[in-house]
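J.: Chains as they are written, first to last, in our numbering: chain A, 1 to 319; chain B, 1 to 364.
Keep in mind that the hints are not guaranteed to be accurate.
Said to hold, decoys possible - Once the Cα atoms are required to be at most 20 Å apart in a straight line, the calculated DMTMM-like pairs of lysine to aspartate or glutamate come out as:
(1) Lys194/B <-> Glu14/A
(2) Lys207/A <-> Glu322/B
(3) Lys209/A <-> Glu67/B
Said to hold, decoys possible - Per the computed footprint, the stretches of chain B lying under chain A, defined by three or more beta-carbons under 8 Å from a beta-carbon of chain A, are:
(4) 103 to 110
(5) 119 to 126
(6) 181 to 190
What the hints assert, rightly or not - Derived contacts from chain B toward chain A, CB cut-off under 7 Å, selection only:
(7) Leu64
(8) Leu65
(9) Met298
No lab work stands behind these hints: they were computed from the structure.
Since we're looking at a predicted model, the values are computed, not measured.
Idealized CB from N, CA, C, for every residue including glycine.
Chain by chain, the residues run as shown.
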Amino acid sequence: MQSREEKVRKGEWEARIADLKYTLHLFRKNPLVMIGTIITLFFVALALLSNIIVDPNLAYASGYEGGMYRFDRKYMWSAGHIINWGPGISIYSGPEFFYLGTDGWGRDLLAMIILSIPVDLYNAVVIVSIAAVFGTLIGAIAGYVGGIFDEAILRITDIFFAFPGLVLALVFAAMFGRTMETLQLAIVLVWWPPYVRLIRGQILSEKEKPYVEALRALGASHIRILFRHVLLNSIFPILVQITMDLGGVILTFSALMFLGFSPSPSMPELGNLAADGYGHIFDAPWVMIFPGLVMLVISLAFNLVGDGLRDVLDPRLRR
Amino acid sequence: MAEKRAESQPVLEIRNLKVNFSTYKGIVKALNGVDLKLYSREVLALVGESGCGKSVTAQTLIGLLPENASILEGEMILNGKNLTKKSKEEMRMLRAQAIAIVFQDPMTFLNPVLTIETQLEEVFMLQKNLLREAVAIQKAEGDVKFADLIKAKSAGSSQTDKGASKKETKKVAKKLSIDLLRMVKLPDPKRILKQYPFELSGGMRQRAMIAMAFARRPSLFIADEITTALDVTIQAQILHLLKGLRDRIDASTLMITHDLSVAAEVADRIAVMYGGNIVETALTRALFRKPFHPYTQMLLRAIPNILNPVERLESIPGTVPEMINPPPGCRFHPRCPHAMEICKGERPKLLEVEKKHEVACYLY
Chain A
1 MQSREEKVRK
11 GEWEARIADL
21 KYTLHLFRKN
31 PLVMIGTIIT
41 LFFVALALLS
51 NIIVDPNLAY
61 ASGYEGGMYR
71 FDRKYMWSAG
81 HIINWGPGIS
91 IYSGPEFFYL
101 GTDGWGRDLL
111 AMIILSIPVD
121 LYNAVVIVSI
131 AAVFGTLIGA
141 IAGYVGGIFD
151 EAILRITDIF
161 FAFPGLVLAL
171 VFAAMFGRTM
181 ETLQLAIVLV
191 WWPPYVRLIR
201 GQILSEKEKP
211 YVEALRALGA
221 SHIRILFRHV
231 LLNSIFPILV
241 QITMDLGGVI
251 LTFSALMFLG
261 FSPSPSMPEL
271 GNLAADGYGH
281 IFDAPWVMIF
291 PGLVMLVISL
301 AFNLVGDGLR
311 DVLDPRLRR
Chain B
1 MAEKRAESQP
11 VLEIRNLKVN
21 FSTYKGIVKA
31 LNGVDLKLYS
41 REVLALVGES
51 GCGKSVTAQT
61 LIGLLPENAS
71 ILEGEMILNG
81 KNLTKKSKEE
91 MRMLRAQAIA
101 IVFQDPMTFL
111 NPVLTIETQL
121 EEVFMLQKNL
131 LREAVAIQKA
141 EGDVKFADLI
151 KAKSAGSSQT
161 DKGASKKETK
171 KVAKKLSIDL
181 LRMVKLPDPK
191 RILKQYPFEL
201 SGGMRQRAMI
211 AMAFARRPSL
221 FIADEITTAL
231 DVTIQAQILH
241 LLKGLRDRID
251 ASTLMITHDL
261 SVAAEVADRI
271 AVMYGGNIVE
281 TALTRALFRK
291 PFHPYTQMLL
301 RAIPNILNPV
311 ERLESIPGTV
321 PEMINPPPGC
331 RFHPRCPHAM
341 EICKGERPKL
351 LEVEKKHEVA
361 CYLY
């Protein structure tokens with residue numbers, strides 16, 4: 001015999017599973033979103049496993065030393081020469097079969113792309129989370145408080161909007177040197193103002209809703225109302241924006257790298273790899289095409305997921 | 001019973017309350033000297049047409065007037081404390097503990113993205129003492145019901161367990177939530193706790209709102225048109241619920257409505273409001289049997305009566321007074337069939353013409 005308590009607990013579990021099923025159903029309903037999710041998950045898995053699939057030392061074992069390029073034999077055609085091999089070419093003396101060809105350094109391009117995915121994803125996550133948290137906090141307070149504070153914050157964001165984002169990031173990176181941290185900071189600098197505007201607009205409309213009045217009548221403090229209720233109701237567009245921005249930031253970050261702000265020229269990073277192939281665009285186009293394609297696919301996937309997230313997360317749309 | 005109530009000290013007393021709104025068009029004199037008494041455990045219905053100041057009275061009571069409003073004169077005394085002199089923070093604490101309000105539209109007054117459980121819990125979390133009390137009872141008796149807490153409050157013998165841990169208070173809060181939902185007659189409270197507002201019907205939401213209001217153990221419960229947005233059957237159920245809860249919750253109720261039949265259903269006393277004044281207060285039966293004020297008389301004649309059907313219902317001639325330049329003296333005199341010269345002069349005072357029946361009119 002089941003006790004009453006157990007029955008209730010089982011009921012709760014069933015409800016939760018049903019809820020999860022419904023979530024999955026919403027996701028599955030839209031094939032594009034499904035594709036986006038699968039691609040995203042694939043890249044995330046690839047990022048997590050990259051160091052197992054490919055020996056990370058390969059990327060850094062190379063370097064110009066005494067007039068000679070020293071490469072792991074396994075990944076290049078012949079020591080001393082940079083030879084770009086096209087996709088699908090196998091080298092007789094060994095297991096080498098370059099699915100995507102080799103890059104300008106003679107390294108296996110596929111291996112380098114795999115190694116660069118965690119770099120790009122990690123940077124995108126760091127940049128977007130800092131920008132989103134900062135922008136959301138400031139925008140939420142500005143929208144809720146209103147008045148002079150709101151006005152001041154808006155004018156500050158206007159200043160940032162007035163500059164072309166990439167140029168500002170370039171200037172910042174040029175001023176403070178080419179380290180990973182500077183690059184991240186440079187992109188954060190141009191990435192937070194849209195969050196301020198987005199959340200501020202949401203909060204402005206949300207704070208006039210009757211339930212806020214009800215909460216005030218309940219004796220809830222402003223801090224509680226803002227951070228627990230109003231913000232929670234306005235956060236969904238932000239989550240969607242974050243997902244979409246992950247793709248955008250990867251593009252911007254790679255663009256900076258492509259323009260030569262990479263901390264090290266041999267660093268495996270999509271923009272860096274593409275920049276590497278820029279000089280050989282006619283004789284070895286694959287060096288530029290494949291990293292570029294991967295960038296495209298990743299950012300597209302994040303955009304598709306962002307689309308789907310909106311439908312799945314917002315309880316107001318789940319009916 | 002009603003007699004006994006009326007003789008006790010009033011829980012809430014509003015004296016000569018005047019509230020103005022400054023707008024682009026001019027100063028709107030929304031409340032023009034409201035006098036009201038609410039006795040312990042009494043249900044007082046405040047009836048009147050749209051724009052007569054019912055809701056402004058409620059907003060003033062909970063201290064949540066819009067920014068362009070100001071209290072000119074008058075005082076509101078709740079349990080001997082003058083609300084007009086309270087600071088914003090003190091008013092917030094009062095809203096969390098002593099005054100509860102339920103609004104008109106249950107569809108929009110609940111946070112759409114939190115479960116009922118979270119929202120109910122939140123009400124409890126805003127007053128830690130209640131939970132500590134509950135933990136004390138739980139420890140002493142092994143179980144706690146919301147009714148115990150109310151009993152403790154009425155008796156004035158509340159013991160708090162200061163050392164209550166977070167886990168204990170959470171557990172007690174959940175227990176009380178379920179008990180409260182059961183009190184407002186929601187079926188399967190455990191399931192409802194896990195649900196979001198949009199999964200509930202209008203009536204269920206209004207019940208949840210009522211539960212949240214009573215979770216504060218208020219001494220003053222304001223029901224601001226709570227049945228207006230509901231259909232008639234649900235309306236009847238909610239009114240029935242309020243009636244049933246009335247004696248189990250130690251609170252006085254101020255029921256704001258424009259529907260005289262709703263007032264007749266639940267109220268002990270009715271106060272009729274017109275143009276920012278109370279024009280007549282009387283026990284419910286007395287008011288329907290023998291209305292004194294011309295406005296009340298005409299109002300009652302405008303309602304269809306099943307026992308006494310008429311071909312055509314009477315309506316009150318004229319329109320609602322403009323509140324920026326209200327008519328001088330008695331605000332009803334331009335529409336009043338018995339208007340006299342004196343009505344244009346000074347505003348008539350509320351006078352007791354019969355036992356517990358006050359009218360503000362020069363006819364009496």
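J.: Each hint should be assessed against the structure and marked as holding or not.
T.: Going through the hints against the structure:
no. : hint                  : in the structure
1   : Lys194/B <-> Glu14/A  : holds, 13 Å
2   : Lys207/A <-> Glu322/B : violated, 31 Å
3   : Lys209/A <-> Glu67/B  : holds, 16 Å
4   : 103 to 110            : holds (count 5)
5   : 119 to 126            : holds (count 3)
6   : 181 to 190            : violated (count 1)
7   : Leu64                 : holds, 6 Å
8   : Leu65                 : violated, 11 Å
9   : Met298                : violated, 33 Å
Of the hints listed earlier, those the structure fails to meet are numbers 2, 6, 8 and 9, in rising order.
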